[in-house]
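**Q** First to last, the protein sequences are chains A and B.
Every number in this note's numbering is 21 more than the matching position in the first sequence, counting from 1.
Every number in this note's numbering is 21 more than the matching position in the second sequence, counting from 1.
Hints in this document: simulated from the structure, not taken from any laboratory.
Treat the hints with care, since some could be wrong.
Said to hold, decoys possible - What the simulated footprint calls covered on chain B by chain A, stretch by stretch (three residues with Cβ under 8 Å from a Cβ of chain A suffice, anywhere in the stretch; the number is not a length):
1) 77-89
2) 104-112
3) 161-171
4) 178-189
Claimed, not checked - Anything over 12 Å on all C-beta distances counts as not near chain B; from chain A, calculated:
5) Trp132
6) Val207
7) Thr220
8) His222
What the hints assert, rightly or not - Subject to a maximum C-alpha distance of 35 Å in a straight line, what follows is the list of computed DSBU-like cross-link-like pairs (lysine-lysine):
9) Lys288(A) / Lys265(A)
10) Lys328(A) / Lys265(A)
11) Lys265(B) / Lys45(A)
12) Lys45(A) / Lys45(B)
13) Lys265(B) / Lys288(B)
14) Lys265(A) / Lys45(B)
15) Lys328(B) / Lys282(B)
16) Lys45(B) / Lys127(B)
17) Lys328(B) / Lys288(B)
Note that CB positions come from ideal geometry on N, CA and C, so glycine has one too.
Spelled out from the first residue to the last, the chains are:
2 protein chains.
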Amino acid sequence: MRKMQPLGEIRFIEQIRRGSALSKNSAVELGIGDDCAILRPDPNYEILVTTDFSLEGRHFVRNRHPSQSVGHRCLARGLSDLAAMGAKPVAAFLSLAVPSSMLSTKRGLDWIDRFFVGLHRLGDLHRAPLAGGDTAESPSGRVLADIVLVGSAPRGRSLRRSGARAGDVLYVTGALGGAAAELERVLMPGFRMRPIDITGHPHLFPEPRLAVGQALLRRRLATAAIDISDGLSTDLAHICRASKVRAEIEEALLPIHALAKQFASAKALHAALHGGEDYELLFAASPSVRVPRRIAGVPITRIGLLKARNSRQPFITLIDANGGRRPLEPAGWEHFSSRSFMV
Amino acid sequence: MRKMQPLGEIRFIEQIRRGSALSKNSAVELGIGDDCAILRPDPNYEILVTTDFSLEGRHFVRNRHPSQSVGHRCLARGLSDLAAMGAKPVAAFLSLAVPSSMLSTKRGLDWIDRFFVGLHRLGDLHRAPLAGGDTAESPSGRVLADIVLVGSAPRGRSLRRSGARAGDVLYVTGALGGAAAELERVLMPGFRMRPIDITGHPHLFPEPRLAVGQALLRRRLATAAIDISDGLSTDLAHICRASKVRAEIEEALLPIHALAKQFASAKALHAALHGGEDYELLFAASPSVRVPRRIAGVPITRIGLLKARNSRQPFITLIDANGGRRPLEPAGWEHFSSRSFMV
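Model the full assembly from the supplied sequences, consistent with the hints where possible.
**A** In structure tokens, the structure reads:
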């Protein structure tokens with residue numbers, strides 16, 4: 022942790038400290054202001070750690086995405102990883118580099134202010150205070166953020182990708198494809214930033230499913246879980262690989278988001294299968310377990326089954342409404358594909 | 022934590038996994054390969070977390086710094102923060118973005134390989150395995166790294182900046198100004214990268230003082246500590262501010278690094294006071310405590326005293342060999358100053 026300097030970046034640092042003060046978490050013994058933060062989680066809990074980049078030009082476009090959304094999504098990505106393991110947040114850490122020019126213009130400072138509004142609002146909601154991080158001048162002229170989330174879960178109980186077995190039933194929370202559909206709007210020439218309510222915006226303000234993940238863990242409902250950050254096809258393949266099973270999912274069961282339903286059906290299906298960034302949870306449950314239709318107010322939908330792996334069957338099979346079967350290749354977000362917001 | 026993709030970046034990911042396998046730490050229950058890593062530190066210990074950017078053009082120059090050095094320094098910055106609090110490492114997390122062009126050329130892949138050689142070698146030495154992180158394509162064409170270190174220390178015993186009192190004696194480990202002196206060489210037109218032994222290179226391969234920090238904590242020698250990352254003048258001011266004291270340091274006592282001694286004396290003094298990146302420890306100890314001349318093989322030097330703060334005296338006073346006194350302003354590394362490697 023770099024020491025925060027008092028000169029030239031006062032407002033920037035104030036914003037970071039504000040987040041530390043806003044949302045409290047009793048496990049944070051010492052926040053910003055020393056070489057390290059000190060955390061004292063419950064001794065019966067294990068510690069979960071995840072890090073996620075939010076890079077301008079890769080994960081967002083500065084003159085397209087409202088900066089509240091950039092701050093919100095930055096934190097949401099990490100919170101969603103905690104949700105996928107059934108953990109509760111302890112603290113967040115933010116490394117943030119901005120071009121020095123942003124610190125000398127009202128427009129730049131406003132952008133940073135609103136970035137923190139978005140980040141703090143979500144952190145406050147989930148008791149994930151900002152307990153430290155690093156600041157730097159961005160040498161490339163682009164905003165660069167890396168978020169770290171530390172969480173905790175009862176020792177030995179974290180939901181992993183690897184616990185599913187053949188015969189388990191597959192479920193997803195909420196609806197799929199909404200983030201891809203909204204992203205298309207954000208990138209359209211006519212899109213303009215304006216004050217936005219955060220509900221009903223799956224791309225701009227995704228809702229990490231922390232309460233659902235914690236309920237799955239507490240009520241011992243799930244054998245394995247993952248968050249759908251890279252797309253259902255890609256994230257389901259991770260579950261299959263880690264749990265050494267294959268999957269069959271039914272097209273007709275997929276809960277397609279209302280925003281994606283405005284597309285033609287093939288495109289809507291593509292968004293739901295491969296769109297990514299929905300930050301819903303995908304989980305497996307034993308067939309003997311009764312999984313409720315809603316958990317913590319979020320709809321839960323059965324979408325398929327896990328089966329024993331064999332060499333004749335594809336990793337993931339998609340079954341259409343007429344019973345037709347086809348292999349589903351992972352085709353979600355690639356970290357090094359050409360898919361990014363750069364043109 | 023983003024899921025690692027198998028296509029197009031296999032070698033990159035292999036390097037990351039290798040670090041996870043190389044250096045073991047029994048507190049890492051689950052490393053790379055799930056939504057979060059799972060850590061199970063000793064329940065009687067508190068958890069320390071620190072994050073540090075290493076940005077091309079800000080913290081290093083890709084065609085100047087050997088990439089082993091970039092990987093080493095990236096990890097060293099975080100380890101040094103743990104050292105300053107007397108903690109032992111549990112795990113490291115690396116978010117690393119590289120231009121996609123580096124993944125398709127031998128030169129680029131070699132750079133990444135050697136970056137990890139440097140990082141893993143230091144991690145192995147200090148039992149700080151890479152337990153996760155994130156990867157991305159860097160949209161700016163620059164290498165961007167953010168390192169997270171998680172450590173642990175006996176509950177309530179972490180060395181803070183705020184524990185020093187008036188009357189305490191100030192000490193530093195090792196020697197100062199060496200990093201600034203070596204940096205000047207690295208940036209000279211004639212400098213060429215070549216295979217380098219890691220000892221005796223305070224800028225390229227700084228040695229985080231983990232054993233010293235842990236000994237200070239274990240033997241209850243220090244009342245406050247900080248690592249000298251931003252420069253003695255700046256980091257001592259942090260101790261003074263946090264502990265509500267002022268400091269007097271004696272020029273003649275400062276242990277100046279042999280590389281800095283090759284400069285004229287005024288320049289050598291400037292490097293020792295403000296150079297930064299030496300990653301030595303600065304600590305305060307009660308005058309009643311006997312501080313050894315060496316701890317864990319590292320020389321310990323008394324450099325001055327802490328005094329009660331009063332409005333007539335500057336925050337830090339530098340006393341020269343003739344007894345002359347002058348105020349010492351913090352003039353170390355500024356995160357948003359023009360001081361960076363960009364031209």
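**Q** Run every hint past the structure and note whether it holds.
**A** Quick rundown of the hints versus the structure:
no.: 1; hint: 77-89; result: holds (count 4)
no.: 2; hint: 104-112; result: holds (count 4)
no.: 3; hint: 161-171; result: holds (count 8)
no.: 4; hint: 178-189; result: holds (count 4)
no.: 5; hint: Trp132; result: holds (16 Å)
no.: 6; hint: Val207; result: holds (17 Å)
no.: 7; hint: Thr220; result: holds (25 Å)
no.: 8; hint: His222; result: holds (22 Å)
no.: 9; hint: Lys288(A) / Lys265(A); result: holds (30 Å)
no.: 10; hint: Lys328(A) / Lys265(A); result: holds (9 Å)
no.: 11; hint: Lys265(B) / Lys45(A); result: holds (26 Å)
no.: 12; hint: Lys45(A) / Lys45(B); result: holds (34 Å)
no.: 13; hint: Lys265(B) / Lys288(B); result: holds (30 Å)
no.: 14; hint: Lys265(A) / Lys45(B); result: holds (25 Å)
no.: 15; hint: Lys328(B) / Lys282(B); result: holds (30 Å)
no.: 16; hint: Lys45(B) / Lys127(B); result: holds (30 Å)
no.: 17; hint: Lys328(B) / Lys288(B); result: holds (28 Å)
Against the hints set out earlier in the document, no violation occurs for any number.
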